[in-house]
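Respectively, the protein sequence lines represent chains A and B.
Take 1 as the starting number for the first sequence in this note's numbering and just add one per residue.
Take 1 as the starting number for the second sequence in this note's numbering and just add one per residue.
Hints listed in this document are in silico derivations from the structure and should not be mistaken for laboratory results.
Hints may be right or wrong, so weigh each one.
[Said to hold, decoys possible] Subject to a maximum C-alpha distance of 16 Å in a straight line, what follows is the list of computed EDC-like cross-link-like pairs (lysine to aspartate or glutamate):
no.	chain 1	residue 1	chain 2	residue 2
1	A	K215	A	E177
2	B	K286	A	D47
3	A	K157	A	E139
4	B	K392	B	D365
5	A	K58	B	E528
6	B	K503	B	E528
[Stated by the list, open to error] Label pairs and their computed distance ranges (CB to CB):
no.	chain 1	residue 1	chain 2	residue 2	range
7	B	E343	A	E260	32 to 40 Å
8	A	A248	B	D557	54 to 62 Å
9	A	G43	B	A163	56 to 64 Å
[Unchecked claim] Not everything, but these chain A residues come out facing chain B in the computed CB check (under 8 Å):
no.	residue
10	R41
11	R195
12	I199
We put the CB at the ideal spot given by N, CA and C, even for glycine.
For reference, the chains in residue letters:
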Amino acid sequence: MLTCDEYLTPRTLDEAFAAMATHRGRYRVVAGATDTLPWARQGRAGDVNIPVLIDVSKIPEMNERGANDRRVRLGAAMPFQRFLDDANLGRAMPCMPRCAVWFADDQIRAQATIGGNIINASPAADGTPCLIAHDASVELAVARGGKISRRKVALDKFILGPSKTALEDGELLIAIECDALPGYGGSFEKVGHRRSLVISLVCLAVLVKLDAAGKKFEDVRLAIAGIGPVPQRLTQVEKFLRGTPIDAERLAQAADMPVELVASRTRQDYRRDVVRGFMMRGLINAARRAGADAQALTGELEAAYA
Amino acid sequence: MPDLQFQATVNGRKVARSAKPHQRLLDFLRDDLQLTGNKEGCGAGECGTCSVFVDGVLMKSCLMPVAKAQGAQIETIEALARTGELSVLQKAFYKAGASQCGYCIPGMVMAATAAIRANPFAGREEIKERLGGNICRCTGYQKIFDAVEMARDVQNGKLPASALSEIEAEQGDFIGRNVRRIDAPSKVSGALKYAGDMTMPHMLHVQVLRSPHAHARIVSIDTSAAEKLEGVEGVISSADVPGEDGFGVFVNDQPIMARGKVRYVGEAIAAVAAEDALTAMRAVEKIKVVYEQLPAIFDPDDAMHDGVPVLHDYAPDNVTKHIPIRVGDVEKGFAESDLVLEETYATQAIEHAYLEPEAGLAYVDPDGVVTVVSPSQNITHHRHMLARIIAKPIAKVRFIMSPVGGGFGGKEDMIYQGMLALLAMKTRRPVRLVFTREESIISTAKRHPSRTTLRMGLMRDGRIRALEMKMISDGGAYGLSTEGVMRKAAILAAGPYVIPNVKIDTIGVYTNNTPSGAFRSFGALQTEFATESMLDVAAERLGLDPFEIRRVNAMRDGATTHTKQKLGSVSLMRALDAAEKASAWEKGAPNSRGGNRNDLNRDDVRPPVSLGARFETADKQEAAE
């Protein structure tokens, strides 16, 4: 059970940094808190006393979000549910709503935050592959001498390993920025022991942009999680497909490429099968949603994989 | 440290109270406001029984620090039927019979309410997805989905309101008639009080110290520091048991709390009653136990060797119960057979995982009657055992069965009621113990893990000539229902089949694992898994259809079982016909499959796992508009 002596809910970044300075070494920052509470239970961390919990979810700047045709900015305390509520966000990030329906369940999605998902740095985090495919970076802030300074780090450099990030003592994750990809088709493929509220065994984010005729990949973005210590971008496969026509044989070749990356602690053979299937299904689903030509993306191909 | 000054609007009423900074919204609603329709099934956000609306959005209150709900509008299950009339959804749950034990139901009703608020036209798939954060263990999902669809249609005018009427369409008295569940309104409204929801004036809260060791001698237990803690009213260990300490279903081998030694991780050693649960927890941490570790044994096969640790003095071979059955001459039967198969089968321990963790409340009434309220599946037996254990005449012991939030056999054992009785006697105050989910899993009985060696001899036409089976079962540290489970496993091992030569041995063995006990099917699962699997293997080897090989061997009306029970009627043939039809079975030997399956797009066949029905409805609605 989690106990604390104080639960602070700062309303501004200044207040948050002041609280962090006052309680240095005795606090933990929470946002949604949906991972912290189950963590402090028997069988995991057990009974935990954290003298001060600092809840940053009520700081307005950390809840802001905005998307135009080029860029997206997400406050770190934004609940995951916003990817389903906000059509503008869904247009700019076409695989995110698909990811969000797989993320936890309807209740937890309303409370759990995008920033928390990143900071947790789970090898199976659902949100991270989508963000990496969008070339996301994180904005980190720290208060020194009464002044808040900020730095940006690419998300794939920020996550160092399971539960490990480049966040430094006294730093807060404020926001995430990434490319807007309107007009792309998106898909998110995930498998776990059940559908809802399950940790991914494998998850794959796919974003594709097709030419005007819907026959050729103009851009492909792929990122995968659950197969190794950190989520990873599949740049080799992206290169292999970019500029090529939608073609069953080439898709099958592309689907084989990341199979060798499987380096999970358990169930490698199973994951290899899943990776191959997800690559096919994900690329086909994303291409269909990007407006693929019916002759290029045949019903047969769809029926076989999607 | 300062308490929080918490303000919110709860079910339309302004609430302003001080709260502990570590409290969860669930604790505040249940403990401070007595809104006990909000249940705690897991405390970890997995089960959904605690779902409430916070500013109109469904949340899991076990994951929400109360401070997060500061200033919010909160709506709980109690709000839905506040006028005294059930909501449309609640009526639909009642009508559809969508409640069994009822423990998940308030959360289900809340999730369903959220689902049709979010999309009043949600299809069945979308409803399923939106209820994905809620678990039912009685497997009542179909009726729950039926109920949500019914409510949706009534709300949309597709069904008349009379569809939810309480008047039964089907009249007459006969077995098989659908009847309304009379307890459903109390369950769908959250009004029903389970043991963990009950309070009494001046009540104390109990926490239990449990063993971290699988097998150890207890050198000493020092409770003095715990007793000195402010707020602690009583601490007990086995020294406090006044009578003959031992309970069980067939053999009374289990003390209320470990006596002299511990035999499994999670075994109760001492218990504390204090003014609040947190104080009791702190006191438990102050109890000092000195252990002398003993070699432990975790495999039932190893446990039967000579020279291994012995768990209970009365059973020097560690065998809890051996049930032998002999019919005919199996060696002769094998010699006559065209095909003899031999395989080994194993099953694992399984947790019952009822949504309601164990809970109980005990008090000594004005006449000195020690009274225990708990979701016990066997109160009469418990009452007799407890009377002997606390050395009181039976008239001075009373058990009250509270609503059982799922049992499945897992609540047949008197695993905690004795501690409650002793603490009520010691403190002369009402005491309540509510298990956490983790505590429930580590300390209570599981389904017996098993390892079965099976030989089966068959004729070419599929007739079984002989069956020889030996099942070794891990009974864990205490006897509980092991004897009965072994008996049932043996009786049912040969299945509903005519077999002239049968030799069966089922053996339950003590180990230092979590005790095994009653679990629905009570042993039949383990042995029949082996027999039925073997029949499939045999069908493949003999080139027979798996349904046909069963029909060839099926007992018919008037058959005599392997234990000489005469069966007036046998429904196996009907069951096989129904299963064959419902499964769209492709006739033939089971050594090829899939070649001519064309059913993947059929309505009643589930497609590969996917999520996103809500996008489909949105597309369809857009198209319609």
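Q: Would you check whether A/R41 satisfies its interface hint, that is, whether its CB is within less than 8 Å of any CB in chain B?
A: holds (6 Å)
Q) Is 56 to 64 Å a correct range for the gap between the Cβ atoms of A/G43 and B/A163? A) violated (46 Å)
Q: Verify the interface restraint on A/I199: the C-beta must sit less than 8 Å from at least one C-beta of chain B.
A: violated (12 Å)
Q: Quickly compare the C-alpha distance for A/K58 and B/E528 to 16 Å and report which way the hint goes.
A: violated (57 Å)
Q) Does the Cβ pair A/A248, B/D557 satisfy 54 to 62 Å? A) Check passed, 58 Å falls within 54 to 62 Å.
Q | Restraint check, 8 Å cut-off on beta carbons, for A/R195 near chain B | A | This interface hint holds because 6 Å falls under the 8 Å limit.
Q.
Run the distance test for B/K286 versus A/D47: straight-line Cα separation, threshold 16 Å.
A. Distance ~14 Å between B/K286 and A/D47 Cα, so the pair holds.
Q: State, for the Cβ atoms of B/E343 and A/E260, whether the hinted interval 32 to 40 Å holds or is violated.
A: Cβ of B/E343 to Cβ of A/E260: about 37 Å, so the range 32 to 40 Å holds.
**Q.** Restraint check for B/K503 with B/E528, where alpha carbons must lie at most 16 Å apart
**A.** It holds: about 15 Å lies between the C-alpha atoms, which stays within 16 Å.
Q.
Hinted pair, alpha-carbon criterion (16 Å max): B/K392, B/D365. Please report holds or violated.
A. holds (14 Å)
Q. Are the Cα positions of A/K215 and A/E177 separated by 16 Å at most?
A. Distance ~31 Å between A/K215 and A/E177 Cα, so the pair is violated.
**Q.** Hinted pair A/K157 and A/E139, Cα distance within 16 Å
**A.** holds (12 Å)
The earlier numbered hints that this structure contradicts are 1, 5, 9 and 12.
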